[in-house]
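Asks: Here are the chains, one letter per residue:
There are 2 protein chains.
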Amino acid sequence: MIPISIAIHGGAGTILRSEMSPDRERAYRDGLQAAVDAGYRLLEKGGSAMDAVIAATVSLEDNPLFNAGKGSVFTHEGSHEMDASLMRGDDLAAGAVAGVRGVRNPILLAREVMLQTPHVLLSGEGAMAFAKACGVPMEGPAYFHTDFRYQQWQAVKDSGISVLDHSTASQLQGANKMGTVGAVARDIHGRLAAATSTGGMTNKQFGRVGDSPVIGAGTWADNNTCAISCTGHGELFLKAVAAYDVHARMLYKGLSLEEAMRETVMGKLVDISGEGGMIGVDAKGRVSMAFNSEGMYRGFRSSDGSGHIAIYGS
Amino acid sequence: MIPISIAIHGGAGTILRSEMSPDRERAYRDGLQAAVDAGYRLLEKGGSAMDAVIAATVSLEDNPLFNAGKGSVFTHEGSHEMDASLMRGDDLAAGAVAGVRGVRNPILLAREVMLQTPHVLLSGEGAMAFAKACGVPMEGPAYFHTDFRYQQWQAVKDSGISVLDHSTASQLQGANKMGTVGAVARDIHGRLAAATSTGGMTNKQFGRVGDSPVIGAGTWADNNTCAISCTGHGELFLKAVAAYDVHARMLYKGLSLEEAMRETVMGKLVDISGEGGMIGVDAKGRVSMAFNSEGMYRGFRSSDGSGHIAIYGS
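Same order as they appear, the protein sequences are chains A and B. Quick note on my numbering: the first sequence kicks off at 1 and runs consecutively. Quick note on my numbering: the second sequence kicks off at 1 and runs consecutively.
Extracted from the complex, chain A is given alone in its bound form (with noise of 0.2 Å):
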């Protein structure tokens, strides 16, 4: 019997357990395991791994902790700017949307490029256009503002300096986390999804897109090798093509999902000094976490048994 699975990230970097109190560190912890609770309610019920990724993902950016959706930092002109993708095995459909703003789910929006239009990937003012057109939720900016976020960015503001991460304050001068959110699954069909949503770096400046909305790059799904999401410095995961390369690596070389993971997170990237860390899971429902910064916001749940919330290295 194949296993159900899904596993979530929500982002990846310096976390240091000194800048974490016990109350912070439950929070986090009960917000990794809801949205894992969410992909997985709808797999035990059939539901298909496209829907589980999905419900993850929403559960991530609704929560402000995390950097996507109503958690995202601030640009440099005060705004939110969201990116998001997906993507399905079966029959590598798909759908990304980069620098939105005002949409309160931005991968429910991603949905929408992939069911309703002829597109992969829609950006910027046309990409709100289309929001309004398809009629997703939108918010004001009252709904993405959190004090935390906010002073993260006047911290930073005239500095010229942009930040790929949440992080406090006085982590934020050499930070290099990066915030991100995401979910692979495997449903009981043996069809694999993944979903990635970030809300960028703190200070973004020129419309700068990272890898979270690049279908191989941030995003990967193929029911013949894997589902991966992506969580880390973006500039470097997109010269690294880091999803497809997993899927590349077992497909070309047959390496398992854990070998690949391992060749491309602590070898490829690492060597291009591409800080983060992947989620995945394959065709036979294994879940493989793998990342080389101190630690990754992660969850995973499977039917044989097993399952975990972490956020350290060890």
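Simulated from the structure, these hints should not be mistaken for laboratory data. Possibly wrong hints are sitting among the right ones.
Since the list can't tell identical chains apart, any single copy or any two copies may satisfy a pair.
To be verified - Listed next, the in silico DSS-like pairs over lysine-lysine satisfying Cα-Cα at most 25 Å (straight line):
no., residue 1, residue 2
1, Lys45, Lys284
2, Lys284, Lys253
3, Lys268, Lys132
4, Lys132, Lys284
Keep in mind it's a predicted model, so treat the numbers as computed, not measured.
Add chain B to chain A, keeping to what the hints say.
Replies: Chain B in isolation, oriented as in the chain A frame:
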């Protein structure tokens, strides 16, 4: 002695001899030859592969016959939104822009992204703000207006159809040709580079982004394997991660450039109905070109004496 080589393309698709007058064919062939020569001249003088692919791409962007730069097609709103990317095989340095308007040579803006920012991909309004900040030449709508493209747009403007390519008005209804330009090169020092630029789809809506500005999909370069520039149905090239897939088949399966390109273009892309083609050069300076469409505007020249300009399949 390993040769220096440059290859270029000016788009792929249903290029019908019956619609091509001798004068028109001559103009295309001259434009392709001029682009090959612009790049080859630099390589001959010991110039870098990066400078050669940029010179060839600028030549094609400045030629109104090709759908990039000056010859870009009209969007649904009557503007011209362009995408471009480039990559250097030495160090995987890369730069790209998506959805920029008014930039005379998008490939030069992609170079500035690579040289002046820590980012890989800038999009939309932000990318245009960066263009102004770094002083690349800008042009008004008159520069990008060509009667041919305007008539193409008028023919489909109110139809809701987006058209992927450059073709005569009569072909537009069922057309599926792909308007993109690109170049790949190997220089005397064994360095590889690739560049791709496009004016997008006629009647394009919603900020659609195809494969051209995406590193790994439309463009790839790694000195150890190959440099690739693609032209085709952008959504399917994105899902195929087409350019990187050739690299992966070479690196992980040990295939030659020609074998890898054949598998990607004639196998994988055909399997998903991904019409189009690509050009490539490997570390030994060998050029390969493959397309599953009826034709591809293309040309190459190598210091081993080989070279040609071609449009049709045979």
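Asks: None of the hints should be skipped; say for each whether it holds.
Replies: For each hint, the structure was consulted:
no., hint, result
1, Lys45 <-> Lys284, "within (19 Å within a copy, 55 Å between copies)"
2, Lys284 <-> Lys253, "both (18 Å within a copy, 24 Å between copies)"
3, Lys268 <-> Lys132, "neither (40 Å within a copy, 35 Å between copies)"
4, Lys132 <-> Lys284, "neither (39 Å within a copy, 51 Å between copies)"
Checked against the numbered hints above, the structure breaks hints 3, 4 and satisfies the rest.
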